[in-house]
Amino acid sequence: MAQFRQCPDTGLFFHKEAENLMKANAVAGVVCLLIAGILALLVVLTRWPAVHLLPADTFYMVLTAHGVCALIFWMIFFEMAILYFAGSTLLRSRLATPRWAWAGFVMMIIGAVMTLAAIFGGKSSVMMTSYVPMRAEPSFYLGLVIFAVGALIGCFVYLGTLVVAKNEKTYEGSVPLVTFGATVACIIAIFTIASGAEILIPTYLWSIGYISHIDPAMYRVIWWALGHSSQQINVAAHVAVWYLIAGVIFGARPMSEKVSRAAYLLYIFFLQLASAHHLMTDPGISSEWKVFNTSYAMYLAVLASMIHGLTVPGAVEVAQRKKGLTNGAFEWLRKAPWDNPVVSSMWISLVGFGFLGGISGVVMGTEQISIIIHNTIYVPGHFHATVVIGTTIAWMGLTYLLIPVLFRRKMIFPQAAKLQPYIFGLGMSLVAVFHMAAGTLGVARRHWDMGFAGNPLGFEYPATAYLLMGIAGIGGVIGVIGGAMFCVITVGSLVFGEKLQKEAGLLQSFGVPMADSAYTNEKPERLPMAPAEAVEANHGEAGFEAPGTFILAMVLLVSFVIYYFINWKYLSEVWGLS
Amino acid sequence: MTSFMPPAQKNWWAVPVGRQELVWIAIALVWCLIMFFMMPFWHMYGDQNISNEGYRVTPVKYQAKVNEMIEKYKVREVGAMKIPVVAPPDGGDVYLMARLWQWYPMLELKKDVTYRLHLTSIDWNHGFSLQPVNINLQVVPGYEFVLNITPNKAGEYTIVCNEYCGIMHHTMLGKIWVKE
Chain A
1 MAQFRQCPDT GLFFHKEAEN LMKANAVAGV VCLLIAGILA LLVVLTRWPA VHLLPADTFY
61 MVLTAHGVCA LIFWMIFFEM AILYFAGSTL LRSRLATPRW AWAGFVMMII GAVMTLAAIF
121 GGKSSVMMTS YVPMRAEPSF YLGLVIFAVG ALIGCFVYLG TLVVAKNEKT YEGSVPLVTF
181 GATVACIIAI FTIASGAEIL IPTYLWSIGY ISHIDPAMYR VIWWALGHSS QQINVAAHVA
241 VWYLIAGVIF GARPMSEKVS RAAYLLYIFF LQLASAHHLM TDPGISSEWK VFNTSYAMYL
301 AVLASMIHGL TVPGAVEVAQ RKKGLTNGAF EWLRKAPWDN PVVSSMWISL VGFGFLGGIS
361 GVVMGTEQIS IIIHNTIYVP GHFHATVVIG TTIAWMGLTY LLIPVLFRRK MIFPQAAKLQ
421 PYIFGLGMSL VAVFHMAAGT LGVARRHWDM GFAGNPLGFE YPATAYLLMG IAGIGGVIGV
481 IGGAMFCVIT VGSLVFGEKL QKEAGLLQSF GVPMADSAYT NEKPERLPMA PAEAVEANHG
541 EAGFEAPGTF ILAMVLLVSF VIYYFINWKY LSEVWGLS
Chain B
1 MTSFMPPAQK NWWAVPVGRQ ELVWIAIALV WCLIMFFMMP FWHMYGDQNI SNEGYRVTPV
61 KYQAKVNEMI EKYKVREVGA MKIPVVAPPD GGDVYLMARL WQWYPMLELK KDVTYRLHLT
121 SIDWNHGFSL QPVNINLQVV PGYEFVLNIT PNKAGEYTIV CNEYCGIMHH TMLGKIWVKE
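Each protein sequence line maps, in turn, to chains A and B.
Sequential numbering from 1 applies to the first sequence in my numbering.
Sequential numbering from 1 applies to the second sequence in my numbering.
Just so you know, these hints were derived from the structure itself, not from any lab.
Quantities reported herein were computed from a predicted structural model and do not represent experimental measurements.
Quick reminder that beta carbons are idealized off the backbone N, C-alpha and C, glycines included.
Among the clues, some could well be false.
[Unchecked claim] With a cut-off of at most 30 Å between alpha-carbon atoms, the simulated DSS-like pairs for lysine-lysine come out as follows:
| hint | chain 1 | residue 1 | chain 2 | residue 2 |
| --- | --- | --- | --- | --- |
| 1 | B | 61 | A | 569 |
| 2 | A | 569 | B | 72 |
| 3 | A | 258 | A | 166 |
| 4 | A | 322 | B | 10 |
| 5 | B | 72 | B | 82 |
| 6 | B | 72 | B | 179 |
| 7 | A | 410 | A | 16 |
| 8 | A | 499 | A | 523 |
| 9 | B | 10 | A | 258 |
| 10 | B | 10 | A | 166 |
| 11 | B | 175 | A | 569 |
| 12 | B | 74 | B | 10 |
| 13 | A | 323 | A | 169 |
| 14 | A | 169 | B | 10 |
| 15 | A | 569 | B | 82 |
| 16 | A | 258 | A | 335 |
| 17 | B | 179 | B | 153 |
| 18 | B | 82 | B | 179 |
| 19 | A | 499 | A | 418 |
| 20 | B | 72 | B | 61 |
| 21 | B | 111 | B | 82 |
| 22 | A | 258 | A | 322 |
| 23 | B | 111 | B | 65 |
| 24 | B | 10 | B | 110 |
| 25 | B | 61 | B | 74 |
| 26 | A | 16 | A | 166 |
| 27 | B | 65 | B | 175 |
| 28 | B | 10 | A | 323 |
| 29 | A | 569 | B | 111 |
| 30 | B | 111 | B | 175 |
| 31 | A | 335 | A | 410 |
| 32 | A | 523 | B | 82 |
| 33 | B | 65 | B | 10 |
[To be verified] A short, non-exhaustive set of chain B residues, derived as facing chain A with CB atoms under 8 Å:
| hint | residue |
| --- | --- |
| 34 | 31 |
| 35 | 141 |
| 36 | 143 |
All chains, full assembly: derive it from the sequences and hints.
Dropping the structure here:
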């Protein structure tokens, strides 16, 4: 019999099994984030030319571990928690086959430990991408495969939960937008994991000698169907988190369900073409293939992100204007609760993802412009804007939202929590912007020494490049401080935070079920449709419901256009290539 | 309220879309199409495009071609390692080889002359990163990349390796001199 409790503050219903799984996955995710953060500090202090902390072999080992831990483990563990939340909690449904979900979780833990052990053994410093024919320990690949299978089980448990909810009629009408977005993330995840299996299983067999040869170009094509698509899971999931936070904090309703959902559909159809972004300057692949795929088929997936970029803040603006914040274009924004870390996280994530990550990503993913950017440190600059400022900060915001709800604990250090998103956002913005700037001067990524110590030929990057890498180093340290604050606040709240429910203890924070009394066997009431909107005076201007948002969107577009053509200008000055 | 609740209308897909969203979608779509067509446009009218010419190749065959070129066109040697410098004929084929941890041989080219640059690796992936112009190409073992290159400025250029290739990756440099 499925047991539920209702959160007295939010009214959300938690299925006991699903709740424990969410806690376990979220805690595992934060542990991975903590490890990734410590490794990030070592990486950034080595790439800061004036510090140059680690020796070369340790640097490459640490960089490999940082990439795997941050981009794969932290992201996917947290995504599992989001899937169970969106499937079970939001739909008021029991989770399908919790035992399978636990089996998946255990596999993910085993896989993660195995891969990290292989890396820290020192013989698998192959970077996250592990391009063949460079060879890692077999357990490096096997760990990733086991982790991926575990995640795949989680995806199917989520899909099963949708079926259960539908059959048991736990909700009226259509699934909520947030659940719709999570489903999109789940579908992209299944595609991603299938691609990963397609390349990592043969590579594992190659590493133990069962297959004699893996084609290096083919490896890159299929690996990136894993590598880039996995970032698209993050995009779909963090956009869902934006909608969730906008709904919970501001009471915002989507401007149009149809537009938002159609934009999500575009993600499913086109985002997974992104493998091409990494292969623009590869031999053996035709320009037609590159152009079609890198543009996600005429940029329809970029269109989807630009739509969400308007509809998320637009929904907030409409809700704020209804509350009477109608002066000028931006009163609604000025008077948002900026000291609420959930809100500031959402905005930093949204703006950073759009302006820094989004624009740079599309520009560098242009077939020809990639020539002046490929494999420079511009690339890590770009993806720290998307994955750290975009996804990680969104999930930090979600964590702040859920600690009282899911773990029934009061946050400790509320003042520090208010500052944390700003500190982390500032640090990571410096990392992103100054790495991108150094990349335009040619500084290589995944490179231990920009001074090329030990080479008699002699070459020096311009002095400006050293300065830029130094500033990026300072930004990295600020970012790590912000990340450490997050870990201290969240883990501290789980352990020392005031209990919001007397019977909950320390062990409950880590997934041990609470005394059964908090749960009942009673099925939650059916989730009703949202109340119909009362007809009200239109607060916008000129038929535009959210004029302030429209202005911001145009600022984004103008920056986008200018930056795009500046890069074509740079490109036109280099040697002729054909 | 509704982002985490079912939509207020059962037939939410029939609810008309507001003007603001329609305008934005139209603008964004036009911009997306412009960005898309810039790529084929540049293929037709731009001077910097990635070639589609590539062949499968084995290290032995490629090394033979490199050695043949060095024998014919070597002009001098550089450094304690005596790395040959090759000045290929105008418009000729240039064979550049990436290996752990060296670009081999070095090249002496002329400004505004077009060469057929052949590029491959005989071991792992490497990254051809020409500085300070910042031209970056992926060098994949087993594939011979052929590009027409036209240096547009005289000077000394350095090839940095920008694809991680092991412990001495940071020492992997090559040189190209471009003469007037």
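Quick rundown of the hints versus the structure:
A C-alpha spacing of about 39 Å is found between residue 61 of chain B and residue 569 of chain A, which places the hinted pair above 30 Å, so the restraint is violated. At most 30 Å may separate the alpha-carbon atoms for a hinted pair to count; residue 569 of chain A and residue 72 of chain B exceed this at roughly 39 Å. Straight-line distance between C-alpha atoms of residue 258 of chain A and residue 166 of chain A comes to about 21 Å, which keeps the hinted pair within the 30 Å bound. Restraint check: the Cα-Cα separation between residue 322 of chain A and residue 10 of chain B comes to about 24 Å, which is no more than 30 Å; the hinted pair holds.
Proposed proximity of residue 72 of chain B and residue 82 of chain B is supported: the alpha carbons are some 17 Å apart, at most 30 Å. Under the criterion of a C-alpha separation no larger than 30 Å, the hint pairing residue 72 of chain B with residue 179 of chain B is consistent with the structure, at around 20 Å. With a C-alpha separation of about 20 Å, the suggested pair residue 410 of chain A and residue 16 of chain A falls inside the 30 Å cut-off, and the hint holds. Proposed proximity of residue 499 of chain A and residue 523 of chain A is supported: the alpha carbons are some 26 Å apart, at most 30 Å.
Straight-line distance between C-alpha atoms of residue 10 of chain B and residue 258 of chain A comes to about 12 Å, which keeps the hinted pair within the 30 Å bound. Between residue 10 of chain B and residue 166 of chain A the CA atoms are separated by roughly 15 Å; this keeps the pair inside 30 Å, and the hint holds. Simply put, residue 175 of chain B and residue 569 of chain A have alpha-carbon atoms about 26 Å apart, close enough for the 30 Å limit, and the pair holds. For the hint linking residue 74 of chain B to residue 10 of chain B, the alpha-carbon distance of about 78 Å lies beyond 30 Å, and the restraint is violated.
Proximity of residue 323 of chain A to residue 169 of chain A is assessed by CA-CA distance (about 34 Å); at most 30 Å being required, the pair is judged violated. For the given pair, residue 169 of chain A sits about 15 Å from residue 10 of chain B by alpha-carbon distance, which is consistent with the 30 Å threshold. Distance check on the hinted pair: residue 569 of chain A and residue 82 of chain B sit about 39 Å apart at the alpha-carbon level, beyond 30 Å; violated. Restraint check for residue 258 of chain A and residue 335 of chain A: satisfied, since their Cα atoms lie roughly 29 Å apart, inside the 30 Å limit.
As the CA atoms of residue 179 of chain B and residue 153 of chain B are separated by approximately 8 Å, the hinted pair is consistent with the 30 Å bound. Taking the CA atoms of residue 82 of chain B and residue 179 of chain B, the gap is about 21 Å. The hint holds against a cut of 30 Å. For the given pair, residue 499 of chain A sits about 20 Å from residue 418 of chain A by alpha-carbon distance, which is consistent with the 30 Å threshold. Of the supplied pair hints, the one linking residue 72 of chain B and residue 61 of chain B holds, its CA atoms being roughly 17 Å apart against a limit of 30 Å.
Straight-line distance between C-alpha atoms of residue 111 of chain B and residue 82 of chain B comes to about 25 Å, which keeps the hinted pair within the 30 Å bound. Proposed proximity of residue 258 of chain A and residue 322 of chain A is supported: the alpha carbons are some 22 Å apart, at most 30 Å. Pair hint residue 111 of chain B plus residue 65 of chain B holds up; C-alpha atoms about 24 Å apart against a cutoff of 30 Å. At most 30 Å may separate the alpha-carbon atoms for a hinted pair to count; residue 10 of chain B and residue 110 of chain B exceed this at roughly 71 Å.
Taking the CA atoms of residue 61 of chain B and residue 74 of chain B, the gap is near 20 Å; set against the 30 Å cutoff, the hint holds. Taking the CA atoms of residue 16 of chain A and residue 166 of chain A, the gap is near 19 Å; set against the 30 Å cutoff, the hint holds. A C-alpha spacing of about 19 Å is found between residue 65 of chain B and residue 175 of chain B, which places the hinted pair at or below 30 Å, so the restraint holds. For the given pair, residue 10 of chain B sits about 26 Å from residue 323 of chain A by alpha-carbon distance, which is consistent with the 30 Å threshold.
A C-alpha spacing of about 21 Å is found between residue 569 of chain A and residue 111 of chain B, which places the hinted pair at or below 30 Å, so the restraint holds. Using a Cα cut-off of 30 Å, the hinted pair residue 111 of chain B and residue 175 of chain B holds, with the two alpha carbons roughly 15 Å apart. At most 30 Å may separate the alpha-carbon atoms for a hinted pair to count; residue 335 of chain A and residue 410 of chain A meet this at roughly 25 Å. With a CA separation close to 81 Å, the supplied pair residue 523 of chain A and residue 82 of chain B exceeds the 30 Å bound.
Note on residue 65 of chain B and residue 10 of chain B: the hinted pairing is violated, with a Cα-Cα distance of about 70 Å set against a maximum of 30 Å. Against a cut-off of 8 Å between C-beta atoms, the interface hint on residue 31 of chain B holds, since the closest Cβ of chain A lies about 7 Å away. The restraint placing residue 141 of chain B at the interface with chain A holds, with a minimum CB-CB distance near 5 Å, inside the 8 Å limit. Taken as an interface hint, residue 143 of chain B checks out: its beta carbon lies about 4 Å from the nearest beta carbon of chain A, inside 8 Å.
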